[in-house]
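S.K.: These are the residues of each chain, in order.
2 protein chains.
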Amino acid sequence: MTSSERRRLYSLLTDKDRAAEVMAYLDDDAQRDLTVEMTQEQVADLLDRMEADDATDVVENLPDALRESIMSTLDGDADELRDLLAWPSDTAGGLMSPAVFSTPETATCGQAIIRLQEMAEDLDSVFYLYVVDSRDRLSGVVSLRKLLIHPPSTPLVSVMTSDVISVQPDRDQEEVARVVARYDLLAVPVVGTAGELLGIITVDDVLDVVQEEAVEDMLLMAGVGEDADSPNNSVFRLAQLRFGWLIATAVGGMLADRIYHWYGAYIPIEVVGGLVPVIMGMGGNVGIQSGTLAIRGIATGRVHVKGGAGFVWREARVGLLLGLGYGMLLGLYGLFLGAGSMPLVGLTVGISVCLAIILGSILGSSLPILLHRWGADPAIATGPFVTTGVDILGIVAYFSVARVLLGSG
Amino acid sequence: MTSSERRRLYSLLTDKDRAAEVMAYLDDDAQRDLTVEMTQEQVADLLDRMEADDATDVVENLPDALRESIMSTLDGDADELRDLLAWPSDTAGGLMSPAVFSTPETATCGQAIIRLQEMAEDLDSVFYLYVVDSRDRLSGVVSLRKLLIHPPSTPLVSVMTSDVISVQPDRDQEEVARVVARYDLLAVPVVGTAGELLGIITVDDVLDVVQEEAVEDMLLMAGVGEDADSPNNSVFRLAQLRFGWLIATAVGGMLADRIYHWYGAYIPIEVVGGLVPVIMGMGGNVGIQSGTLAIRGIATGRVHVKGGAGFVWREARVGLLLGLGYGMLLGLYGLFLGAGSMPLVGLTVGISVCLAIILGSILGSSLPILLHRWGADPAIATGPFVTTGVDILGIVAYFSVARVLLGSG
Chain A
0 MTSSERRRLY SLLTDKDRAA EVMAYLDDDA QRDLTVEMTQ EQVADLLDRM
50 EADDATDVVE NLPDALRESI MSTLDGDADE LRDLLAWPSD TAGGLMSPAV
100 FSTPETATCG QAIIRLQEMA EDLDSVFYLY VVDSRDRLSG VVSLRKLLIH
150 PPSTPLVSVM TSDVISVQPD RDQEEVARVV ARYDLLAVPV VGTAGELLGI
200 ITVDDVLDVV QEEAVEDMLL MAGVGEDADS PNNSVFRLAQ LRFGWLIATA
250 VGGMLADRIY HWYGAYIPIE VVGGLVPVIM GMGGNVGIQS GTLAIRGIAT
300 GRVHVKGGAG FVWREARVGL LLGLGYGMLL GLYGLFLGAG SMPLVGLTVG
350 ISVCLAIILG SILGSSLPIL LHRWGADPAI ATGPFVTTGV DILGIVAYFS
400 VARVLLGSG
Chain B
0 MTSSERRRLY SLLTDKDRAA EVMAYLDDDA QRDLTVEMTQ EQVADLLDRM
50 EADDATDVVE NLPDALRESI MSTLDGDADE LRDLLAWPSD TAGGLMSPAV
100 FSTPETATCG QAIIRLQEMA EDLDSVFYLY VVDSRDRLSG VVSLRKLLIH
150 PPSTPLVSVM TSDVISVQPD RDQEEVARVV ARYDLLAVPV VGTAGELLGI
200 ITVDDVLDVV QEEAVEDMLL MAGVGEDADS PNNSVFRLAQ LRFGWLIATA
250 VGGMLADRIY HWYGAYIPIE VVGGLVPVIM GMGGNVGIQS GTLAIRGIAT
300 GRVHVKGGAG FVWREARVGL LLGLGYGMLL GLYGLFLGAG SMPLVGLTVG
350 ISVCLAIILG SILGSSLPIL LHRWGADPAI ATGPFVTTGV DILGIVAYFS
400 VARVLLGSG
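Protein sequences, first through last, are from chains A and B.
When the letters of the first sequence are read in order and numbered with numbering that gives the first Met the number 0, they come out as residues 0 to 408.
When the letters of the second sequence are read in order and numbered with numbering that gives the first Met the number 0, they come out as residues 0 to 408.
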């Protein structure tokens with residue numbers, strides 16, 4: 000759908016509640032695109048009809064000037080919105096909805112049902128009933144199902160689970176997703192430092208996070224910016240966004256050419272030069288394999304930053320085996336190629352392939368862990384910036400071995 | 000955790016219901032690992048304590064002989080299990096739980112609540128109340144919240160939503176995940192061809208699917224088998240699993256070497272040979288960029304197999320712009336490198352870089368679409384099998400241009 004088709008279609012939504020609902024489902028680009036043509040009043044009206052966590056997303060996608068003037072026109076909800084906007088959008092605080100249904104510890108099941116019925120209109124998705132103490136601190140949780148199957152006079156405290164799984168508002172959204180997925184939760188409460196209930200994050204938002212993070216990782220691993228996935232960009236803009244990611248490859252390629260010419264004075268370059276691509280390819284692909292396993296391992300929590308050495312050691316041993324296997328195979332090819340005049344080409348190629356593969360497996364497995372430790376996204380480790388570095392090391396290793404075994408100077 | 004640590008830990012779970020619950024949460028490898036040491040009676044007892052959809056997973060992970068003998072010892076539940084096992088595990092039928100709570104159309108809200116209370120013990124996660132007609136066909140859905148806020152005498156048909164989003168049992172699990180994510184559902188009913196209610200798929204299972212599919216895509220894109228992610232494999236087995244994925248790179252590398260030597264007779268190979276890596280790298284990286292965008296686009300439904308031409312055309316134009324940019328940059332480098340003796344090296348390099356990038360963007364964007372149309376997983380398009388092919392084409396293009404512009408024969 001083009002931008003103008005979308006706008007036309009959206010303008011056909013005359014029911015304003017429906018329009019607000021549709022807006023809440025749209026992604027950031029579409030929200031930006033649709034709101035940019037609206038008046039301040041129209042945006043304010045839309046926001047009024049949304050739940051606070053959805054409204055926050057829309058507000059975040061508004062131009063800066065419009066955002067501030069909108070915030071001043073919203074009366075009661077503005078504080079709530081402002082509180083939500085204070086948390087970065089990729090944290091638990093940014094994901095949560097403050098519209099959480101809580102009941103005091105002193106209530107019975109029957110009283111809770113009555114409160115639920117009174118408030119039901121405002122609460123779009125109630126999954127659990129959170130029980131709070133007199134100081135608004137989360138003390139337990141009751142499922143709706145439990146509420147239904149106990150007599151109305153049962154005190155909530157006697158049916159509630161007091162061991163509640165919760166998250167703090169500054170938690171990264173990936174961690175929140177891990178908690179919700181691990182415990183198969185429908186919603187997870189967000190709790191402040193004093194134990195006070197701040198809001199809830201529902202499973203549908205978590206599902207969006209998981210999909211978003213997977214896409215983000217994939218795009219970073221492929222060396223494409225996140226924005227490159229947006230269909231609204233012009234071809235020129237897309238090329239511009241992707242241009243920078245390829246710089247490393249171009250600069251690395253020029254460097255590789257310099258190395259080729261420099262070593263050309265010392266080694267029979269017309270004999271060994273043809274195998275540069277396979278040395279780079281084997282090292283690079285093993286590096287991407289190890290890197291991908293490390294990135295996934297970090298994302299799922301299986302590879303820990305502290306226990307990372309064990310993972311790198313495992314990958315190094317896998318690399319050694321792969322290196323010996325392919326070193327032998329390509330060494331035999333080199334022997335056949337160099338047979339007669341230069342039988343040592345076989346040995347050179349064999350050793351170099353093995354070195355490049357071991358290098359690839361060690362760098363590929365350790366770089367994501369180091370990047371993660373340094374606070375960067377480990378997914379960039381398989382992108383062009385890092386793989387180019389591995390390529391250059393592989394070429395230097397190959398030519399150095401060639402110089403020792405076949406060198407003329 | 001090693002396999003023996005896990006077994007020791009699991010044996011500490013003396014509460015058998017808890018043991019069954021833990022087993023249901025474990026992944027395939029861990030289930031295989033733990034059940035292999037159990038007696039038939041122990042496994043049968045575990046399965047008895049699980050929900051049918053979780054039990055199916057455990058049964059699927061048993062050795063063949065044990066599986067059949069187990070199925071014969073399970074009395075009442077065996078038919079249900081057998082029905083579930085009939086669906087491939089990556090379809091809606093394989094994901095669904097047949098323990099769905101349904102109520103006849105003739106019931107009132109009050110009657111539904113009473114039935115819910117009677118059955119509550121067996122139903123671990125009730126999200127919606129499904130309403131069926133006299134022939135067991137799905138006719139509507141009521142949320143628990145709606146059930147709570149209406150007087151008990153209200154007929155279900157007057158509060159139910161009759162426009163129910165459902166899936167067929169043969170649907171691929173990725174499609175199910177898309178439906179659940181798009182409509183923010185907690186559960187989606189699975190409905191047979193005659194409209195009969197077969198089971199439900201809950202959002203926690205969908206979350207697992209989304210994570211699983213993202214990992215699968217990522218591993219395929221990196222050219223690692225799915226099993227390579229399992230920490231239980233020995234280093235030798237891991238190397239064995241990854242060996243095959245690198246064959247294409249090795250064979251392609253030998254072919255590239257042959258091409259290098261064959262063209263060596265016609266072109267000044269010691270001058271142009273050093274730039275082979277950058278030609279391959281630029282084409283390959285742009286191919287991976289386009290390929291990743293195509294794979295994501297197909298997964299999210301943004302790129303359609305039928306409308307794929309528009310996407311390829313967009314990528315081709317992006318490729319043209321990138322090719323012109325980097326062709327110019329690397330062409331200038333070639334001009335400087337070949338200055339004096341061979342100024343045409345600049346032109347050769349410029350044209351070849353541009354060609355390789357355009358080739359990469361067209362093949363990278365179209366191959367996933369073609370693979371998907373042929374029923375294969377589009378994610379393999381960025382793996383070593385395909386990228387090696389693109390590399391070879393890039394080298395041939397480069398040397399052919401060199402032969403025309405710089406050739407001596």
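Hints are computed from structural coordinates only; laboratory data are not their basis.
Incorrect hints may appear among the rest.
Simulated DEER-style distance windows between Cβ atoms [as the list claims (entries may be wrong)]:
hint: 1; chain 1: B; residue 1: Glu211; chain 2: A; residue 2: Ser161; range: 27 to 35 Å
hint: 2; chain 1: A; residue 1: Glu211; chain 2: B; residue 2: Asp26; range: 19 to 27 Å
hint: 3; chain 1: B; residue 1: Thr38; chain 2: A; residue 2: Arg134; range: 48 to 56 Å
hint: 4; chain 1: B; residue 1: Ala64; chain 2: A; residue 2: Leu343; range: 53 to 61 Å
hint: 5; chain 1: B; residue 1: Tyr182; chain 2: A; residue 2: Thr105; range: 52 to 60 Å
hint: 6; chain 1: B; residue 1: Tyr182; chain 2: A; residue 2: Asp63; range: 51 to 59 Å
hint: 7; chain 1: B; residue 1: Trp373; chain 2: A; residue 2: Gly194; range: 53 to 61 Å
hint: 8; chain 1: A; residue 1: Asp82; chain 2: B; residue 2: Asp162; range: 51 to 59 Å
Computed footprint of chain B on chain A, listed as stretches where at least three residues anywhere in the stretch have a Cβ under 8 Å from a Cβ of chain B [as the list claims (entries may be wrong)]:
hint: 9; region: 29-38
hint: 10; region: 48-61
hint: 11; region: 161-173
hint: 12; region: 236-244
hint: 13; region: 263-269
hint: 14; region: 315-326
hint: 15; region: 368-377
Glycine is no exception: its CB is placed at the ideal position from the N, C-alpha and C atoms.
S.K.: Each of the hints needs a verdict: does it hold here or not?
M.R.: Going through the hints against the structure:
Between Glu211(B) and Ser161(A) the beta carbons are some 33 Å apart, a value that agrees with the proposed interval 27 to 35 Å. A beta carbon spacing of about 23 Å between Glu211(A) and Asp26(B) agrees with the range 19 to 27 Å that was offered as a hint. Remark: the range hint 48 to 56 Å for Thr38(B) to Arg134(A) is upheld by a beta-carbon distance near 53 Å. Judged by the Cβ atoms, the range 53 to 61 Å given for Ala64(B) and Leu343(A) holds: they are separated by roughly 55 Å.
A C-beta distance of roughly 38 Å is found between Tyr182(B) and Thr105(A), which places it outside the suggested range of 52 to 60 Å. Taking 51 to 59 Å as the suggested C-beta distance range, the pair Tyr182(B) and Asp63(A) does not conform, at roughly 33 Å. Roughly 56 Å separates the CB atoms of Trp373(B) and Gly194(A), a value that falls within the hinted 53 to 61 Å. For the pair Asp82(A) and Asp162(B), the beta carbons lie near 37 Å from each other, so the given range of 51 to 59 Å is not met.
By the rule of at least three residues with a Cβ nearer than 8 Å to a Cβ of chain B, the coverage given for the region 29-38 of chain A is violated, with 0 such residues. Given as covered by chain B, the region 48-61 of chain A fails the check, having 0 residues with a CB less than 8 Å from a CB of that chain where 3 are the minimum. Counting residues of the region 161-173 of chain A whose CB falls under 8 Å from any CB of chain B gives 0; the rule of at least 3 is not met. Residues of the region 236-244 of chain A with a Cβ under 8 Å from some Cβ of chain B number 5, which satisfies the need for three, so the listed coverage holds.
Given as covered by chain B, the region 263-269 of chain A passes the check, having 3 residues with a CB less than 8 Å from a CB of that chain where 3 are the minimum. Counting residues of the region 315-326 of chain A whose beta carbon lies closer than 8 Å to any beta carbon of chain B gives 6, which reaches the threshold of three, so the coverage claim holds. With 0 residues carrying a beta carbon less than 8 Å from a beta carbon of chain B, the region 368-377 of chain A misses the three-residue requirement, and the given coverage is violated.
Hints 5, 6, 8, 9, 10, 11 and 15, counting from the list given before, are not met by this structure.
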